[in-house]
Amino acid sequence: MEAPLNAGFAFQGIVIFLAAPLAAGVLRKLKAVLQNRLGAPVVQPYRDLRKLLGKEEVVSGTASGLFRVAPYVVFAATAGACSLVPVVLARMATAGGAWGDLVVLVGLLALGRFALALGALEAGSAFGGMGSSREMMVSSLAEPALLTALFVAALEARTSEAGRIAAHVARTGGAAFGPGSAFALAALFLVALAECGRLPVDNPSTHLELTMIHEAMILEYSGRSLALIEWASQARLLLFMTLLVDLFLPWGIALDASAAALALGAAVYALKIAGLCAVLAFAETSTAKLRLFRVPDFLGAAFVLALIGLFSQGFIQWGL
Amino acid sequence: MFRILRRCARTGLATLPLEPARDADYELAGEKLRESIRRLRGGRSLYVREVDAGSCNGCEIEISALTSPVYDAERFGVHVTASPRHADVLLVTGPVTRQMELALKMTYEAAPEPKIVVACGDCALDGGAFAGSYAVAGAVEDVLPVDIRIKGCPPKPSAILGALLAAVERAGKA
Chain A
251 MEAPLNAGFA FQGIVIFLAA PLAAGVLRKL KAVLQNRLGA PVVQPYRDLR
301 KLLGKEEVVS GTASGLFRVA PYVVFAATAG ACSLVPVVLA RMATAGGAWG
351 DLVVLVGLLA LGRFALALGA LEAGSAFGGM GSSREMMVSS LAEPALLTAL
401 FVAALEARTS EAGRIAAHVA RTGGAAFGPG SAFALAALFL VALAECGRLP
451 VDNPSTHLEL TMIHEAMILE YSGRSLALIE WASQARLLLF MTLLVDLFLP
501 WGIALDASAA ALALGAAVYA LKIAGLCAVL AFAETSTAKL RLFRVPDFLG
551 AAFVLALIGL FSQGFIQWGL
Chain B
162 MFRILRRCAR TGLATLPLEP ARDADYELAG EKLRESIRRL RGGRSLYVRE
212 VDAGSCNGCE IEISALTSPV YDAERFGVHV TASPRHADVL LVTGPVTRQM
262 ELALKMTYEA APEPKIVVAC GDCALDGGAF AGSYAVAGAV EDVLPVDIRI
312 KGCPPKPSAI LGALLAAVER AGKA
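Chains A and B supply the protein sequences, listed in that same order. Using our numbering, the first residue of the first sequence is number 251, and each one after it goes up by one. Using our numbering, the first residue of the second sequence is number 162, and each one after it goes up by one.
Hint data in this document are derived by calculation from the structure and do not stem from the laboratory. No experiment lies behind these values; they were computed from the predicted model shown. One should not assume that every hint holds.
[To be verified] Computed cross-link-like contacts, DMTMM-like style, restricted to lysine to aspartate or glutamate with a CA-CA straight-line distance of at most 25 Å:
#, chain 1, residue 1, chain 2, residue 2
1, B, 193, A, 307
2, B, 266, A, 351
3, B, 266, A, 307
Please put together the full structure from these sequences, using the hints given.
Here's what the structure looks like:
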């Protein structure tokens, strides 16, 4: 029983990759409706990716091999990170063996963004360097907040494996969602905005020279490389959404691999992600982008929230 | 925050249905277009890079209206992009001035195959009011192979979008 559950757990990462363009499409559609537009069909990101995969690549004359390798590293690192999280199936305590935990996940995401920042420097365009330096600044501030928020969930479940945390919280019920979790959830939401290049830290739908971060790094990429990077960044967004719902609000997730439990888990997961997309669309429509020098304040607030969450979780577990 | 959302709800859908393009508005020029559309999987996703080769900015105003809620080019998968590396369509406006001739050629080289060149507006087609000027190198056709020609001075936003989509559809079927 143990082996198929382990394999099934890792295969959930593929679900994230397959569903990520759909989630991005739904998000764009919701935002378009809020802007009184009709907007692109929800399957548009799939069409974009399919077209990009069939296109030729143009590589700048100044770029070395690193430029070509970087998109594959980004894609592989994101895929690895996706295989560590529960989507519709939690990991039971009885399933033996160790699986990569949340620290590995954060590390893999950092590897991906490091590769992308290096690749962006390669083409020798001014925008690439600007985007890389901004991305590194944002990530250096977001990462401590991210880790601290994740540790709150780990403290509650006494394990740092995402799959086991989800199983613990789902089985314990409402008692597992204390004030610490509420703070950590808020912190993780803010960090997710920064990590995925959403408003108010970065705007995914603009190419304004003064503000762009992620878009500045991918300006020089074309064809298949661009498709891989875009796909990976869509998967990263869905990965963070999955972390938000499955670490803190995993109720309904499948605790065993029976067909009924999996179907229920998938339905509940789709509902939760759709709800989160709606929240994100509302938040992005009603906020303006922050000035770049205000981003540290924003991420500082996220870090403080995560820290308060960690302390309250500690007090509840061990007392003063 | 809620003021914006309330206003969104009050306004309702601003997007107008697209008027079908009239045949007099555009011409297909290149033989290459059909092959390009095939390799672009039917043209349901088009990233457009706008190149101003010396235009009076009349065409630019009409093109920037395409991204507004009223025309909403994104509903057809048409997306204006910031980099020629991402582009499937080069939308060239204005007569090609001597200063912009090299830049236009470099933009064309920077875009990955398959790429579609659209000459947009009367100046791009034959130089328009600027034809024969000492500062003008010629029409877009004199510099790049043009696939689609869109007439008008300036063409209406609906005509630009309609002509682009109709041309892509016709070439895809042919």
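A quick look at each hint next to the structure:
no.: 1; hint: B/193 / A/307; in the structure: holds (19 Å)
no.: 2; hint: B/266 / A/351; in the structure: violated (51 Å)
no.: 3; hint: B/266 / A/307; in the structure: holds (18 Å)
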